[in-house]
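Participant: Sequence lines, in order, name chains A and B.
Okay, so the first sequence: first residue is 47 according to the numbering used here, each after it adds one.
Okay, so the second sequence: first residue is 18 according to the numbering used here, each after it adds one.
Errors might be hidden in some of the hints.
[What the hints assert, rightly or not] Computed list of lysine-lysine pairs in BS3-like fashion (alpha-carbon distance at most 25 angstroms, straight line): (1) A:LYS117 - B:LYS113; (2) B:LYS113 - A:LYS103; (3) A:LYS64 - A:LYS103; (4) A:LYS99 - A:LYS49; (5) B:LYS82 - B:LYS32; (6) A:LYS64 - A:LYS99; (7) A:LYS99 - A:LYS117; (8) A:LYS49 - B:LYS39; (9) A:LYS64 - A:LYS117; (10) A:LYS116 - A:LYS103; (11) B:LYS90 - B:LYS74; (12) A:LYS117 - A:LYS49; (13) B:LYS26 - B:LYS82; (14) A:LYS64 - A:LYS101; (15) B:LYS82 - A:LYS116; (16) A:LYS99 - B:LYS113; (17) A:LYS101 - B:LYS113; (18) B:LYS113 - A:LYS49; (19) A:LYS117 - A:LYS103; (20) B:LYS26 - B:LYS113; (21) A:LYS99 - A:LYS116.
[What the hints assert, rightly or not] Some, not all, of what chain B presents toward chain A, calculated at C-beta under 8 angstroms: (22) TYR103; (23) GLY117; (24) GLY119; (25) GLN123.
[As the list claims (entries may be wrong)] With beta-carbon atoms standing in for the labels, derived distance ranges: (26) B:ARG58 - A:SER126: 45 to 51 angstroms; (27) B:LEU27 - A:PRO107: 35 to 41 angstroms; (28) A:GLU108 - B:ALA34: 39 to 45 angstroms; (29) B:PHE31 - A:GLY144: 39 to 45 angstroms.
Hints are computed from structural coordinates only; laboratory data are not their basis.
All C-beta atoms in this analysis are idealised placements derived from N, C-alpha and C, irrespective of residue type, glycine included.
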Amino acid sequence: DVKVTQSSRYLVKRTGEKVFLECVQDMDHENMFWYRQDPGLGLRLIYFSYDVKMKEKGDIPEGYSVSREKKERFSLILESASTNQTSMYLCASKHPPGHRTDTQYFGPGTRLTVL
Amino acid sequence: AQRVTQPEKLLSVFKGAPVELKCNYSYSGSPELFWYVQYSRQRLQLLLRHISRESIKGFTADLNKGETSFHLKKPFAQEEDSAMYYCALAPYNTDKLIFGTGTRLQVFP
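Just chain A, with the same shape it has in the complex:
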């Protein structure tokens, strides 16, 4: 079974703090993604990565950055957390298009509250 794990289930931070959200997958997936999930807005893509040290902006990258130093790990960084970044953050991973198993698998989510 594919396993996508996220470092924290719940996180509470203060405005202005630097926040790291970690995601690890064990299926040797090339592609990894970070989304935020908000009621009434669905899932919105923040950043994604096709390979180690590669990253591309999604639909809402402002206020976020990412790091992918190893294939299995994809980190989301909030340089200076703000209250409007309070949300559920979901990580996902998959093989590239055309692979026989290119389904996107999701982690359990990290609920971040910024006070």
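For chain A, the structure is supplied; the task is to place chain B on it using the hints.
Facilitator: For chain B alone, kept in the frame of chain A given last:
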């Protein structure tokens, strides 16, 4: 613009009733369409994708290119179907998923 629309935030039915969760999309090319489901306190998971033409847990969805729709249907709802359902679109040959805003299905006994 590429967009997925799920017009209903909440759909409530009684057990045994038919269910249809609506999904419309806006995309000029040939998209790949998906339905994802999130049960209470569980992670988001793939329910079905249009190219598979499968029936999963009694659910089916047919891509209607003329109406740009991909509605999810089940003839007889069960209580365990209660969950949040997201329709998603992947533009041709890309990894990006564009999600709708989701529909919460409540099935009452």
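Participant: A separate judgement is required for each hint: does it hold in the structure or not?
Facilitator: Status of each hint after checking the structure:
Distance hint between LYS117 (chain A) and LYS113 (chain B) is fulfilled; the C-alpha atoms sit about 19 angstroms from each other, no more than 25 angstroms. The straight-line distance between the Cα atoms of LYS113 (chain B) and LYS103 (chain A) is roughly 11 angstroms, inside the 25 angstroms bound, and the hint therefore holds. In summary, the hint linking LYS64 (chain A) to LYS103 (chain A) is supported, as the alpha carbons are separated by about 20 angstroms, within the 25 angstroms threshold. Annotation: proposed proximity of LYS99 (chain A) to LYS49 (chain A) holds, straight-line Cα distance about 22 angstroms (limit 25 angstroms).
Taking the CA atoms of LYS82 (chain B) and LYS32 (chain B), the gap is near 31 angstroms; set against the 25 angstroms cutoff, the hint is violated. Between LYS64 (chain A) and LYS99 (chain A) the CA atoms are separated by roughly 21 angstroms; this keeps the pair inside 25 angstroms, and the hint holds. Between LYS99 (chain A) and LYS117 (chain A) the CA atoms are separated by roughly 9 angstroms; this keeps the pair inside 25 angstroms, and the hint holds. For the hint linking LYS49 (chain A) to LYS39 (chain B), the alpha-carbon distance of about 30 angstroms lies beyond 25 angstroms, and the restraint is violated.
With a C-alpha separation of about 23 angstroms, the suggested pairing of LYS64 (chain A) with LYS117 (chain A) holds against the 25 angstroms cut-off. For the hint pairing LYS116 (chain A) with LYS103 (chain A), the CA-to-CA distance comes to about 19 angstroms; that is within 25 angstroms, so the pair holds. Straight-line distance between C-alpha atoms of LYS90 (chain B) and LYS74 (chain B) comes to about 11 angstroms, which keeps the hinted pair within the 25 angstroms bound. At most 25 angstroms may separate the alpha-carbon atoms for a hinted pair to count; LYS117 (chain A) and LYS49 (chain A) meet this at roughly 14 angstroms.
Annotation: proposed proximity of LYS26 (chain B) to LYS82 (chain B) holds, straight-line Cα distance about 24 angstroms (limit 25 angstroms). Distance hint between LYS64 (chain A) and LYS101 (chain A) is fulfilled; the C-alpha atoms sit about 20 angstroms from each other, no more than 25 angstroms. Among the hinted pairs, LYS82 (chain B) with LYS116 (chain A) is inconsistent with the structure: their alpha-carbon atoms are about 40 angstroms apart, more than 25 angstroms. Proposed proximity of LYS99 (chain A) and LYS113 (chain B) is supported: the alpha carbons are some 18 angstroms apart, at most 25 angstroms.
Our distance criterion of 25 angstroms between C-alpha atoms is met by LYS101 (chain A) and LYS113 (chain B), whose separation comes to about 13 angstroms. For the proposed pair LYS113 (chain B) and LYS49 (chain A), the alpha carbon gap of about 20 angstroms is at most 25 angstroms, so the pair holds. Proximity of LYS117 (chain A) to LYS103 (chain A) is assessed by CA-CA distance (about 18 angstroms); at most 25 angstroms being required, the pair is judged to hold. Taking the CA atoms of LYS26 (chain B) and LYS113 (chain B), the gap is near 23 angstroms; set against the 25 angstroms cutoff, the hint holds.
For the proposed pair LYS99 (chain A) and LYS116 (chain A), the alpha carbon gap of about 8 angstroms is at most 25 angstroms, so the pair holds. With a least beta-carbon distance of about 6 angstroms to chain A, the hint placing TYR103 (chain B) at the interface is held under the 8 angstroms criterion. A least Cβ separation of about 6 angstroms between GLY117 (chain B) and chain A falls short of the 8 angstroms threshold, and the interface hint therefore holds. The interface hint given for GLY119 (chain B) is met, as the beta carbon of that residue sits about 5 angstroms from the closest beta carbon of chain A, less than 8 angstroms.
The closest approach between the C-beta of GLN123 (chain B) and any C-beta of chain A is roughly 15 angstroms, which is over the 8 angstroms cut-off, so the hint fails. For ARG58 (chain B) and SER126 (chain A), the Cβ-Cβ distance of about 31 angstroms falls outside the hinted range of 45 to 51 angstroms, so the restraint is violated. The hint said 35 to 41 angstroms for the Cβ distance between LEU27 (chain B) and PRO107 (chain A), and at roughly 31 angstroms that hint is violated. Under the hint 39 to 45 angstroms, the C-beta atoms of GLU108 (chain A) and ALA34 (chain B), about 43 angstroms apart, fit the expected range.
At about 43 angstroms, the CB distance of PHE31 (chain B) to GLY144 (chain A) agrees with the hint of 39 to 45 angstroms.
In terms of the numbered hints stated before, the structure departs from hints 5, 8, 15, 25, 26, 27, listed from lowest to highest.
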